[in-house]
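Work the whole structure out from these sequences, hints included.
2 protein chains.
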Amino acid sequence: MTTAKDTQRMMHINLFIMGCGHHKAAWRHPNSMVEQLGDIAYYERLAQIAERGKLDAVFFADGASVGNVSDGSPWFMEPLTAIAAMSRATEKIGFISTVSSTFYTPFHAARLVASLDHISKGRIGWNVVTSMFDEEARNHGYQAMPAHSERYRRAEEFVQTVLGLWDSWQDDALEFDRQGHYANPAKVQPINHEGEFFLVDGPLNIPRPVQGHPVLFQAGSSEQGRTLAAKCAEAIYAVAYDLPAAQGYYADIKQRVKTAGRSAPVPIMPGLVTYVAATEEEAQAKQRELDELLPVAASLRQLSVFTEQDCMSWTLDEPVPELPPLAEFKGPQGRYSTILRIIETEQPTVRQLLGRLAAGGGHCTMVGTPEQIADKMENWFRNGGADGFNLMPPSLPYGIEDFVEQVIPELQRRGLFRTEYTGNTLREHLGLARPQHP
Amino acid sequence: MTTAKDTQRMMHINLFIMGCGHHKAAWRHPNSMVEQLGDIAYYERLAQIAERGKLDAVFFADGASVGNVSDGSPWFMEPLTAIAAMSRATEKIGFISTVSSTFYTPFHAARLVASLDHISKGRIGWNVVTSMFDEEARNHGYQAMPAHSERYRRAEEFVQTVLGLWDSWQDDALEFDRQGHYANPAKVQPINHEGEFFLVDGPLNIPRPVQGHPVLFQAGSSEQGRTLAAKCAEAIYAVAYDLPAAQGYYADIKQRVKTAGRSAPVPIMPGLVTYVAATEEEAQAKQRELDELLPVAASLRQLSVFTEQDCMSWTLDEPVPELPPLAEFKGPQGRYSTILRIIETEQPTVRQLLGRLAAGGGHCTMVGTPEQIADKMENWFRNGGADGFNLMPPSLPYGIEDFVEQVIPELQRRGLFRTEYTGNTLREHLGLARPQHP
Ligand SMILES: Cc1cc2nc3c(=O)[nH]c(=O)nc-3n(C[C@H](O)[C@H](O)[C@H](O)COP(=O)(O)O)c2cc1C
Ligand SMILES: Cc1cc2nc3c(=O)[nH]c(=O)nc-3n(C[C@H](O)[C@H](O)[C@H](O)COP(=O)(O)O)c2cc1C
Numbered sequence: 001m002t003t004a005k006d007t008q009r010m011m012h013i014n015l016f017i018m019g020c021g022h023h024k025a026a027w028r029h030p031n032s033m034v035e036q037l038g039d040i041a042y043y044e045r046l047a048q049i050a051e052r053g054k055l056d057a058v059f060f061a062d063g064a065s066v067g068n069v070s071d072g073s074p075w076f077m078e079p080l081t082a083i084a085a086m087s088r089a090t091e092k093i094g095f096i097s098t099v100s101s102t103f104y105t106p107f108h109a110a111r112l113v114a115s116l117d118h119i120s121k122g123r124i125g126w127n128v129v130t131s132m133f134d135e136e137a138r139n140h141g142y143q144a145m146p147a148h149s150e151r152y153r154r155a156e157e158f159v160q161t162v163l164g165l166w167d168s169w170q171d172d173a174l175e176f177d178r179q180g181h182y183a184n185p186a187k188v189q190p191i192n193h194e195g196e197f198f199l200v201d202g203p204l205n206i207p208r209p210v211q212g213h214p215v216l217f218q219a220g221s222s223e224q225g226r227t228l229a230a231k232c233a234e235a236i237y238a239v240a241y242d243l244p245a246a247q248g249y250y251a252d253i254k255q256r257v258k259t260a261g262r263s264a265p266v267p268i269m270p271g272l273v274t275y276v277a278a279t280e281e282e283a284q285a286k287q288r289e290l291d292e293l294l295p296v297a298a299s300l301r302q303l304s305v306f307t308e309q310d311c312m313s314w315t316l317d318e319p320v321p322e323l324p325p326l327a328e329f330k331g332p333q334g335r336y337s338t339i340l341r342i343i344e345t346e347q348p349t350v351r352q353l354l355g356r357l358a359a360g361g362g363h364c365t366m367v368g369t370p371e372q373i374a375d376k377m378e379n380w381f382r383n384g385g386a387d388g389f390n391l392m393p394p395s396l397p398y399g400i401e402d403f404v405e406q407v408i409p410e411l412q413r414r415g416l417f418r419t420e421y422t423g424n425t426l427r428e429h430l431g432l433a434r435p436q437h438p
Numbered sequence: 001m002t003t004a005k006d007t008q009r010m011m012h013i014n015l016f017i018m019g020c021g022h023h024k025a026a027w028r029h030p031n032s033m034v035e036q037l038g039d040i041a042y043y044e045r046l047a048q049i050a051e052r053g054k055l056d057a058v059f060f061a062d063g064a065s066v067g068n069v070s071d072g073s074p075w076f077m078e079p080l081t082a083i084a085a086m087s088r089a090t091e092k093i094g095f096i097s098t099v100s101s102t103f104y105t106p107f108h109a110a111r112l113v114a115s116l117d118h119i120s121k122g123r124i125g126w127n128v129v130t131s132m133f134d135e136e137a138r139n140h141g142y143q144a145m146p147a148h149s150e151r152y153r154r155a156e157e158f159v160q161t162v163l164g165l166w167d168s169w170q171d172d173a174l175e176f177d178r179q180g181h182y183a184n185p186a187k188v189q190p191i192n193h194e195g196e197f198f199l200v201d202g203p204l205n206i207p208r209p210v211q212g213h214p215v216l217f218q219a220g221s222s223e224q225g226r227t228l229a230a231k232c233a234e235a236i237y238a239v240a241y242d243l244p245a246a247q248g249y250y251a252d253i254k255q256r257v258k259t260a261g262r263s264a265p266v267p268i269m270p271g272l273v274t275y276v277a278a279t280e281e282e283a284q285a286k287q288r289e290l291d292e293l294l295p296v297a298a299s300l301r302q303l304s305v306f307t308e309q310d311c312m313s314w315t316l317d318e319p320v321p322e323l324p325p326l327a328e329f330k331g332p333q334g335r336y337s338t339i340l341r342i343i344e345t346e347q348p349t350v351r352q353l354l355g356r357l358a359a360g361g362g363h364c365t366m367v368g369t370p371e372q373i374a375d376k377m378e379n380w381f382r383n384g385g386a387d388g389f390n391l392m393p394p395s396l397p398y399g400i401e402d403f404v405e406q407v408i409p410e411l412q413r414r415g416l417f418r419t420e421y422t423g424n425t426l427r428e429h430l431g432l433a434r435p436q437h438p
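Top line first, the protein sequences correspond to chains D and G.
Under the UniProt record's numbering, think of the first position of the first sequence as 1, with each following residue one higher.
Under the UniProt record's numbering, think of the first position of the second sequence as 1, with each following residue one higher.
Possibly wrong hints are sitting among the right ones.
Computed list of lysine-lysine pairs in DSSO-like fashion (alpha-carbon distance at most 30 Å, straight line) [as the list claims (entries may be wrong)]:
{"id": "1", "chain 1": "G", "residue 1": "92", "chain 2": "D", "residue 2": "92"}
{"id": "2", "chain 1": "G", "residue 1": "92", "chain 2": "D", "residue 2": "121"}
{"id": "3", "chain 1": "G", "residue 1": "121", "chain 2": "D", "residue 2": "121"}
Just so you know, these hints were derived from the structure itself, not from any lab.
See below:
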């Protein structure tokens, strides 16, 4: 039984766009639309499907290096330009663009994102990232990535500067008085920022965004990442393998936000990979079909690196051999602990392990009927694990079509998800107040 | 009489978009669409009108400071994001975005412009500028604008780096072979650039643009600006007050291009302000109507600064009083010589001088019937003054509607302008070859 209060709290659901899907082998499927990845119409169509499902937003990750082009490079369209087009092919759904605080200047970031907010009439969010790879740094004038702590100090100054620039125009600065002011100069003021990293006089050369501030997203997991999130994130992309992990992260972030003296809801959206079908067997078959497309030798070679074992002789459809405990492992701990976790909880075959790593990795995967998936999502949502989800469909557009056609109606029947947009801006979709001009 | 060869050479015509028009008082007109400047639909409509006229392209200037917000600030939409949307509202017309080599990194510039070229299916050009004002520099970490010569050294390295990044993917790198490569890694190579200003490894994280290279535009007038243009510009925006000035610039640039060993046509397009109507009197009335909207006191105050005279007591509808010769003037020479030139050739009233300075300044202004304007354009075009024009309508959308409805048909009748697009890319419109991969 659901109470009135329960039915008022709704999930926030976001589509995380990624090439032909989040499963690394998705582009290899005979029906993949890989040939369309250079066609903006493909991305517009994904946004339209998500809008049909009344999703809150579409999210574009981004990086500044090319990755492994042989095995399906994720980058093609640049997010800011793609989103400008996609926003014109839709009416209500929001769009979140990743912009790196390590490589952009705050003025360009503020300007580009503000311009998108005007173009989309208030539907833009900004995923603040500090970037990760030396390959990215070496495309932007650095010999290597600046230290993690320096990147986060820069990110904090960057965000404050961007917010200042957005506020450099008061909401009512534009007067369009044909006998007087175009804009009232008293309401357009410099910010005169001079900090550790940036010198920016302002004002910005575009009026205050429709939303006041486009919505700030963040996905940090380190101590510094969480601190930044607590200070300024308005919504969060999380990584949680299972409900206990989600609950731990959720409680921590909500506590930090409170400690920071903020009363904003800060919805937390863990990543979610789903394989949906009318029966559990069909759903599993969908997963198997993608897993079987992985290039075996290359995947085993990569797994050998991840586990520091010789995996080349492992038998694909037999259970994964026993691995040394985390304490004995000398390489990067994060991925190895994910691998141990998958083996422990799912007892996968070697092929299944490769498939899990190839789609979502440390994110949660749910396989089953619409009811089964809705049950699990509801369980996370009602038990302090999530305020919503960042959908990472293993294949696109198929995975998001399945979700929109099968899972969304089930969530709607349960009163867990909107049946119609009630607002026009991303802030309204997310239940976030429009920031007053300071 | 026109020969077969004559009719083959066609003008290139470009619409230079600027707020409510290039006349500073355009936004003050009762029918101005100033309230729509924050609505991307306004810009899409301008592009559609230009496309109806079969124009080569739409051009967006840009700057990184806000200017005088009281008197109608030109900036609102950011060009790259606006063009993404506008390209989706049109099918054939090209779009040129200004991107500053002083404030962007080459990787971002290459990526954003390449992404637009994919989104628009090959309709993008890049106007390379080095920026001008200290106010801009102080929004991007500099205390003041770097010296002119340093800016141009940086611009040259910037352009070479961007071209290298666009070529870091071979045209046939993408294979989409479901059993093999997504892209052939042998055909996606780093550039390992390390110069005076930039360190950029590459490769770019987006495949080679549809046009190979989006078209490089430039508008430099200094010695260094012309040198850069001769080396790498594929089309040029010029400033020419009258035909002799245009011929001088034209001959100089064509000579420099030849000296640089290039055989590309490098079309030169001077700016052109037009007031068109069925009769000469009506056209002059259109000009007068806009000139009369100029705020008198502010304009006279500005003119006092430009001329180092006390202009406040001048009578608006009387001829401009005599001014000291250029040699005796101690302020910025460029604008003062424009003022002397206007007085000498047009014998304007004070109000007319203010109007000429408020629309186009040193650019050419043509006022008259469609036939009269087509005559003058043809004269420039046939006599070594121009390969086409960069239209700077005093008011928008009205000025471009007038031009498209009245002047374009007249140019078409004379065989001077296309009646239908014969290509699909901006390069094809401009008659420029697609650059081979090196
Ligand atoms: C769903 C999700 C999306 C992310 N998208 C990006 C991205 O587009 N670009 C990027 O550089 N980092 C991205 N990240 C990485 C985070 O910004 C962050 O760097 C990472 O979670 C590690 O945390 P830390 O920075 O606190 O060490 C993403 C993380 C998550 C969970
Ligand atoms: C039609 C035209 C458009 C221009 N657009 C821009 C612009 O958008 N942004 C900018 O900073 N400069 C712009 N400029 C200035 C030129 O890039 C150049 O700096 C100027 O002509 C002075 O020449 P110089 O740089 O060789 O000294 C433009 C010039 C012309 C003629």
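Results for each hint:
1. 92/G / 92/D: holds, 28 Å
2. 92/G / 121/D: holds, 26 Å
3. 121/G / 121/D: holds, 26 Å
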